[in-house]
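Visitor: Sequence:
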Amino acid sequence: MPPIKTGNITKKENDLFDIEDHVKYEDLIEDKLPDHLIFPEQLNTYLRDRIRDLTAENGCLRRALEEVEEKLQNLRKLSAQDIPVTVGRASETAAAKIIELSKKCREQTAEIEVLKTKCKSLEARVANKEAELEHEKMKKKGMSQRTTSALNESISFEDQLRDREEQMKQLNEKLQQVNAKLYESKNTCTSLKQELNKAQKLLCSEVGENVTVTGLINYPGGWRGRAEQVQQLQQKLTELQCKLSEYEGTSKGSTVSIEQRNLANLRNMEKERRQQIENSAKELRQAEVALETSKRKQDAARARIKVLENELNTAKRSIILLNEKRNHDDQLIEALNNQLKAIEGRFQDRESLLQKQYDKSEQECVRLTTEIKTVQLTVEQLQQRLQEREVEIDSLKGSTGCTNKKWSPKQNQNIYESPLSTSRNLKDPNEYVTLSIAAEAERERLLELVIILNRRLDNERAETDHLSETLRQERNKCAKLETKVQKFEMERVGMSKVNTGYKIRSSKIAKASSNENQSNEEMRFKLELLQEECLALKARLATIQQDKAADLITYKQMLDQARKTFQDAYREKPSTSGCHSTMTI
1187 MPPIKTGNIT
1197 KKENDLFDIE
1207 DHVKYEDLIE
1217 DKLPDHLIFP
1227 EQLNTYLRDR
1237 IRDLTAENGC
1247 LRRALEEVEE
1257 KLQNLRKLSA
1267 QDIPVTVGRA
1277 SETAAAKIIE
1287 LSKKCREQTA
1297 EIEVLKTKCK
1307 SLEARVANKE
1317 AELEHEKMKK
1327 KGMSQRTTSA
1337 LNESISFEDQ
1347 LRDREEQMKQ
1357 LNEKLQQVNA
1367 KLYESKNTCT
1377 SLKQELNKAQ
1387 KLLCSEVGEN
1397 VTVTGLINYP
1407 GGWRGRAEQV
1417 QQLQQKLTEL
1427 QCKLSEYEGT
1437 SKGSTVSIEQ
1447 RNLANLRNME
1457 KERRQQIENS
1467 AKELRQAEVA
1477 LETSKRKQDA
1487 ARARIKVLEN
1497 ELNTAKRSII
1507 LLNEKRNHDD
1517 QLIEALNNQL
1527 KAIEGRFQDR
1537 ESLLQKQYDK
1547 SEQECVRLTT
1557 EIKTVQLTVE
1567 QLQQRLQERE
1577 VEIDSLKGST
1587 GCTNKKWSPK
1597 QNQNIYESPL
1607 STSRNLKDPN
1617 EYVTLSIAAE
1627 AERERLLELV
1637 IILNRRLDNE
1647 RAETDHLSET
1657 LRQERNKCAK
1667 LETKVQKFEM
1677 ERVGMSKVNT
1687 GYKIRSSKIA
1697 KASSNENQSN
1707 EEMRFKLELL
1717 QEECLALKAR
1727 LATIQQDKAA
1737 DLITYKQMLD
1747 QARKTFQDAY
1757 REKPSTSGCH
1767 STMTI
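Each residue of the sequence shown is one higher than the one before, starting from 1187 at the first, in my numbering.
Please note that a few of the clues may not be correct.
What the hints assert, rightly or not - Derived pair list, reagent style DSS-like, types lysine-lysine, alpha-carbon separation capped at 30 Å:
#, residue 1, residue 2
1, Lys1379, Lys1355
2, Lys1263, Lys1290
3, Lys1481, Lys1457
4, Lys1302, Lys1290
Hints are computed from structural coordinates only; laboratory data are not their basis.
My request is simple: use the sequences and hints to build the entire structure.
Guide: Encoded structure:
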């Protein structure tokens, strides 16, 4: 029986189920994102499309799996049906078929598992993509939360800053303490160094310049000092000399006594020399100490001199500044006094002008009130005359109604021509009408004049109120300036108490300059006053001219209108021969 080739069987089965068996590890790994995706919207759209494709592919794979499972079930059924038929055949063929079918079964189960793994990997990829989408959404939500977290972080950062400031304060305090200790240790170190130098100097004076402390420590024998060594050597020398004298005998006794005397003299000389050296060393130490103290005092004196020089320079500068300020204040006070005088002169002139204007306005008011009264009297007279004329007209109308209704021109002429029967009360009614019209026109014109005069009165009153207000303001300013001048004078008095000597010297120059400035200021203020007066008079003259011109125009208009009304009335009047009345305008 030839061996069965599994590769051919798998190929046949793949051809049967139309499945490509090329599943690799790279296919199971997630696809990398393309490089051209930068913005989150593009990435979202790409991921959505990819999820859509993967879900479609997953659905296709599930369908293919279901179809394969159905085919498997069909094949199992067929194999179950074929088994009883092939029972009577040879055992070899049955065994071969069973083996083939089992192999197919295994291969198909393997393919199913591969497809399941593919499906799981695709589902995992879909889940990853969905997780990425949710992550993107969470990022968008996190952007809004970051602002709140940033605020919380800023608050926590402020708390941290406060804690750090407190820590810094504590550290600064510790540092100050450490610095104080360090300065103390430095001072002690310097004092110890000075003491060590002194001890070394003493050692050098006692032992020698080339001898060191380490050498003395390393020296095996006991060290007692230079003087003790000298004494020991001298004692040995004396002992040896005594021994020599004993050996030599009595002949040499005189020499020994001389030598002993010499030795005694030498000892005395050495003692005196030592005392002198010790005294000179003490004096030298005292001189060094005095020199150091004098140097310190000299340094302190130099520093004090520098400080005093600086203070003196500052005092000189302050004195110069105070003198300049005093001169400036004096000039200011003089200028303010001049200004006050000029302002007082202006105020006096202004008050006189205002008083004159007020008197003029009162006179004009009196004149206008008298004119108004006269006009009112004339108006009342004219009204009375009108009433009388109206009464006469009514009486004439009543008399004409009582007589014959038909009037002949001759009778009318006779009535108007007879001078004995007619009196002032029986004149032509048209004449009364014209007179009433003219009187009414005059009354209206007079009322207009009264309105104009009242308007002028109101304007004058407003001007007087404005001038009184300005006068009050100027008085307030004057009072403020006077208080300022008093303050300046008080300051000047205080400065004069401080700097009397300097003021005596600079008073002459200040007086000369102040006189010149005062004369210049007075001339300037006088010129300004004259200019203001000229401008005020010009303005007043212009207003008076305008008022007079307006009055003249109104009077002319009134006269023209009155003439026109009388002329029109006479023109409309019927020409009658018996009318002998005349009117004068």
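Visitor: With a cut-off of 30 Å on the C-alpha distance, tell me whether Lys1379 and Lys1355 pass.
Guide: Violated: Lys1379 and Lys1355 sit about 36 Å apart, past 30 Å.
Visitor: Holds or violated: are the alpha carbons of Lys1263 and Lys1290 at most 30 Å from each other?
Guide: 14 Å, holds
Visitor: Would the hint linking Lys1481 and Lys1457 be met if the CA-CA limit is 30 Å?
Guide: 35 Å, violated
Visitor: Sort out whether Lys1290 lies within 30 Å of Lys1302, counting only the CA atoms.
Guide: Distance ~18 Å between Lys1302 and Lys1290 Cα, so the pair holds.
In summary, the numbered hints that this structure violates are 1 and 3.
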